[in-house]
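Enquirer: Take a look at the letters that make up each chain.
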Amino acid sequence: MSLRIVVTVKYVPDATGDRHFADDLTVDRDDVDGLLSELDEYAVEQALQIAEEADDAEITVLTVGPEDAKDALRKALSMGADKAIHVEDDDLHGTDAIGTSLVLAKAVEKAGYDLVISGMASTDGVMGVVPALLAERLGVPQVTLLSEVSVEDGVVKGRRDGDAASEQLEASLPAVVSVTDQSGEARYPSFKGIMAAKKKPVTSWDLSDLDLDADEVGLEGAYTVVESATERPARTAGTIVKDEGEGGKQLAEFLAGQKFI
Amino acid sequence: MAEVLVYVDHVDGAVRKPTLELLTLARRIGEPVAVALGAGAGDTAAALAEHGAVKVLTHDAAEYADYLVVPKVDALQAACEQVSPAAVLVPSSTDGKEIAARLALRIGSGVITDAVDLEAGDEGPVATQSVFAAAYTTKSRVSKGTPVITVKPNSAAVEPAPAAGEVEALSVTFSEQATGTRVTGRTPRESTGRPELTEAAIVVSGGRGVNGAENFAIIEALADSLGAAVGASRAAVDAGWYPHTSQVGQTGKSVSPQLYIASGISGAIQHRAGMQTSKTIVAVNKDAEAPIFELVDYGVVGDLFEVVPQLTEEIKARKG
Ligand SMILES: Cc1cc2nc3c(=O)[nH]c(=O)nc-3n(C[C@H](O)[C@H](O)[C@H](O)COP(=O)(O)OP(=O)(O)OC[C@H]3O[C@@H](n4cnc5c(N)ncnc54)[C@H](O)[C@@H]3O)c2cc1C
Ligand SMILES: Nc1ncnc2c1ncn2[C@@H]1O[C@H](COP(=O)(O)O)[C@@H](O)[C@H]1O
Numbered sequence: 009m010s011l012r013i014v015v016t017v018k019y020v021p022d023a024t025g026d027r028h029f030a031d032d033l034t035v036d037r038d039d040v041d042g043l044l045s046e047l048d049e050y051a052v053e054q055a056l057q058i059a060e061e062a063d064d065a066e067i068t069v070l071t072v073g074p075e076d077a078k079d080a081l082r083k084a085l086s087m088g089a090d091k092a093i094h095v096e097d098d099d100l101h102g103t104d105a106i107g108t109s110l111v112l113a114k115a116v117e118k119a120g121y122d123l124v125i126s127g128m129a130s131t132d133g134v135m136g137v138v139p140a141l142l143a144e145r146l147g148v149p150q151v152t153l154l155s156e157v158s159v160e161d162g163v164v165k166g167r168r169d170g171d172a173a174s175e176q177l178e179a180s181l182p183a184v185v186s187v188t189d190q191s192g193e194a195r196y197p198s199f200k201g202i203m204a205a206k207k208k209p210v211t212s213w214d215l216s217d218l219d220l221d222a223d224e225v226g227l228e229g230a231y232t233v234v235e236s237a238t239e240r241p242a243r244t245a246g247t248i249v250k251d252e253g254e255g256g257k258q259l260a261e262f263l264a265g266q267k268f269i
Numbered sequence: 146m147a148e149v150l151v152y153v154d155h156v157d158g159a160v161r162k163p164t165l166e167l168l169t170l171a172r173r174i175g176e177p178v179a180v181a182l183g184a185g186a187g188d189t190a191a192a193l194a195e196h197g198a199v200k201v202l203t204h205d206a207a208e209y210a211d212y213l214v215v216p217k218v219d220a221l222q223a224a225c226e227q228v229s230p231a232a233v234l235v236p237s238s239t240d241g242k243e244i245a246a247r248l249a250l251r252i253g254s255g256v257i258t259d260a261v262d263l264e265a266g267d268e269g270p271v272a273t274q275s276v277f278a279a280a281y282t283t284k285s286r287v288s289k290g291t292p293v294i295t296v297k298p299n300s301a302a303v304e305p306a307p308a309a310g311e312v313e314a315l316s317v318t319f320s321e322q323a324t325g326t327r328v329t330g331r332t333p334r335e336s337t338g339r340p341e342l343t344e345a346a347i348v349v350s351g352g353r354g355v356n357g358a359e360n361f362a363i364i365e366a367l368a369d370s371l372g373a374a375v376g377a378s379r380a381a382v383d384a385g386w387y388p389h390t391s392q393v394g395q396t397g398k399s400v401s402p403q404l405y406i407a408s409g410i411s412g413a414i415q416h417r418a419g420m421q422t423s424k425t426i427v428a429v430n431k432d433a434e435a436p437i438f439e440l441v442d443y444g445v446v447g448d449l450f451e452v453v454p455q456l457t458e459e460i461k462a463r464k465g
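For the protein sequence lines, the chains are Z and E, in the order given.
For any residue, its number in our numbering is found by taking its place in the first sequence, counting from 1, and adding 8.
For any residue, its number in our numbering is found by taking its place in the second sequence, counting from 1, and adding 145.
Simulated from the structure, these hints should not be mistaken for lab results.
Please read these numbers as outputs of a predicted model, since none were measured by experiment.
Misleading hints may appear alongside valid ones.
[Said to hold, decoys possible] The list that follows gives simulated cross-link-like pairs (lysine to any residue, SDA-like), each with its CA atoms no further than 20 Å apart:
1. Z/208 - Z/12
2. Z/165 - E/332
3. Z/91 - Z/211
4. Z/165 - E/210
5. Z/118 - Z/12
6. E/424 - Z/268
7. Z/91 - Z/132
8. Z/165 - E/328
9. E/424 - E/448
10. Z/114 - E/404
11. E/289 - Z/230
12. Z/257 - E/450
13. Z/91 - Z/62
14. Z/118 - Z/218
15. E/461 - Z/253
16. Z/267 - E/328
17. E/398 - Z/167
18. Z/165 - Z/147
19. E/284 - Z/132
20. E/289 - Z/33
21. Z/114 - Z/230
22. E/431 - E/353
23. E/464 - Z/254
24. E/398 - E/385
25. E/398 - Z/190
26. E/398 - E/339
27. Z/165 - Z/33
Let the hints inform the model, and build the full structure from the sequences given.
Expert: In structure tokens form, the structure reads like this:
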């Protein structure tokens, strides 16, 4: 029996670019270059490693996002995933985490899965909640925020470094896993991988393919509203001194003036 | 007055500071009712009462320690059914955000994560968030159901406000999912004797410029002179000089102290994401062009191996 792995990947605005909001207070995805969320590369990497260990495995990468999100799928395919699913629909614009998890759950179920692997958080929203929501919706174990993961005999094991302790976790498949950036560097696509990716199948689904109605997703279906978004005022230029031998003392003087000493 | 559920983060009955901050925020929108789970849950009552909890719902069962996240969601859901709260507040921790999200989904609500402030609004609580590596400040609210909001540490002052804090046993029936993910081992983090990174009033961080694990002693000495927590950039963590639990930034801890001192850190966007909301920012870097200097209230262009020890000595001298 083949191990069916679905990796959820998000197409996000480049964090090193000038990210901002559109007029409807959603993340502007038009004016800023996008890419596969770097944190989801770690999910693709772990999927590849798990597939290499398994006798027989197939990796599907799944994204919910606009037309350009295909770029994220291509990147994941060129790293070595086998096929891709793109859920795309104009009515998805403005979908929040609760809605995204609904669409992902429907798509994952339609695709068929034994193991879902997600990133720890998207680099734009940074909520880090979609994997837990997905597990809740699918009714399967969540084995999230793993810095180490392995799958053997239908059981997933991993290490979760929490705030107070490091925990060893274990669950039976099917399950939803998310991995951190501590799980191991993601590989670069090889030239061969990039060429091969061009021929790999990308399936497109819209809301009707997933039996979803427009009002269940998008801005209308959202459970949260952003009332305002204001650019943080530039910090007032601070004092910068060059150390001429007294830099530490000058700094102490500043800290004393601010009552930190 | 409407009741507001506050999820209690505690270690064997010792309430962690972010929970006390939540009680301050909860009082702005209603009467805080605390929910404490697991071993020592009952021991939290005194501290919670002192900070405004009118009631403390407690429940202990082995499931809370033996299985991940879901048992706590079951308990919070039971508390919601018992209290019908106006909002649910949860500390933004690794577990906290996942608990909050699953709860929101179950009770047909929305979830807001990582709020840095909270105020009452005409249509329910309004949460302030800092997004895009703190380049923007947003105000949001949950528009359907009971708002579930997670709040970052250091978002409010801890204020004593004595209240009844009456302890009441919560009755919880665990769901089928509760036992899905087993915790087969747990290694508690070793205490460094320094303040908790996310809770500290002062954070002293070192980056690639520190150039070696052994040199972190310089950063630690400065931290200790100020009673501060020690942080590190990802470059320093990846090099193995300092533990990942101390990493500040997008994929590490997000800190918001009164004072942040960065030494040998360039100020990459992912690092800024975790420290840009600090009240006062200070940097020592030998490169005058380093982006960290765009953020600072006070910066010293110089060699950290000269500047930091001198600073530490001067602080010690001034403190006598
Ligand atoms: C998805 C993703 C997530 C990330 N998450 C994080 C994160 O959570 N946290 C994080 O920090 N980074 C994160 N990064 C990495 C980030 O992009 C930077 O690479 C990292 O912050 C750089 O660390 P640094 O400033 O210590 O090193 P560098 O950028 O190499 O800077 C070192 C600085 O030290 C100065 N210096 C050197 N020697 C001295 C000296 N003797 N005295 C004074 N100054 C000196 C140099 O001038 C330089 O400015 C992430 C990256 C990605 C892609
Ligand atoms: N639109 C999306 N399409 C596919 N996967 C997503 C999407 N949004 C979030 N995810 C997955 O959920 C993880 C956590 O995202 P978040 O909760 O938004 O921080 C990401 O790392 C992805 O694996």
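Enquirer: Measure nothing beyond the straight line between the CA atoms of residue 91 of chain Z and residue 211 of chain Z; if it is 20 Å or shorter, mark the hint as holding.
Expert: holds, 8 Å
Enquirer: Taking 20 Å as the top limit, are the C-alpha atoms of residue 289 of chain E and residue 33 of chain Z close enough?
Expert: holds, 18 Å
Enquirer: Checking one constraint from the list: CA of residue 114 of chain Z to CA of residue 230 of chain Z, max 20 Å. Satisfied?
Expert: Given that 20 Å is the threshold and the Cα spacing comes to 17 Å, the pair holds.
Enquirer: Holds or violated: residue 165 of chain Z with residue 33 of chain Z, Cα cutoff 20 Å?
Expert: Cα-Cα ~40 Å, so violated.
Enquirer: Tell me if the straight-line CA distance from residue 165 of chain Z to residue 210 of chain E falls inside 20 Å.
Expert: OK: residue 165 of chain Z and residue 210 of chain E at ~17 Å, within 20 Å.
Enquirer: Has the given pair, residue 114 of chain Z with residue 404 of chain E, been kept, meaning a C-alpha gap of at most 20 Å?
Expert: Cα-Cα ~46 Å, so violated.
Enquirer: Could you grab the alpha-carbon distance between residue 398 of chain E and residue 339 of chain E and see if it respects the 20 Å cut-off?
Expert: holds, 16 Å
Enquirer: Regarding the pair residue 461 of chain E and residue 253 of chain Z, is the alpha-carbon distance no greater than 20 Å?
Expert: holds, 18 Å
Enquirer: Quick one, are residue 289 of chain E and residue 230 of chain Z close enough, alpha carbons at most 20 Å?
Expert: holds, 8 Å
Enquirer: So if I understand the rule, the pair passes when the alpha-carbon distance is 20 Å or less; does residue 431 of chain E with residue 353 of chain E pass?
Expert: The given pair, whose Cα atoms are some 12 Å apart, holds under the 20 Å limit.
Enquirer: Is it true that the CA of residue 398 of chain E sits at most 20 Å from the CA of residue 167 of chain Z?
Expert: With Cα atoms ~18 Å apart, residue 398 of chain E and residue 167 of chain Z stay inside 20 Å; holds.
Enquirer: Has the given pair, residue 91 of chain Z with residue 62 of chain Z, been kept, meaning a C-alpha gap of at most 20 Å?
Expert: Holds: residue 91 of chain Z and residue 62 of chain Z sit about 18 Å apart, inside 20 Å.
Going down the numbered hints, you'll see the structure goes against 7, 9, 10, 16, 27, while the others check out.
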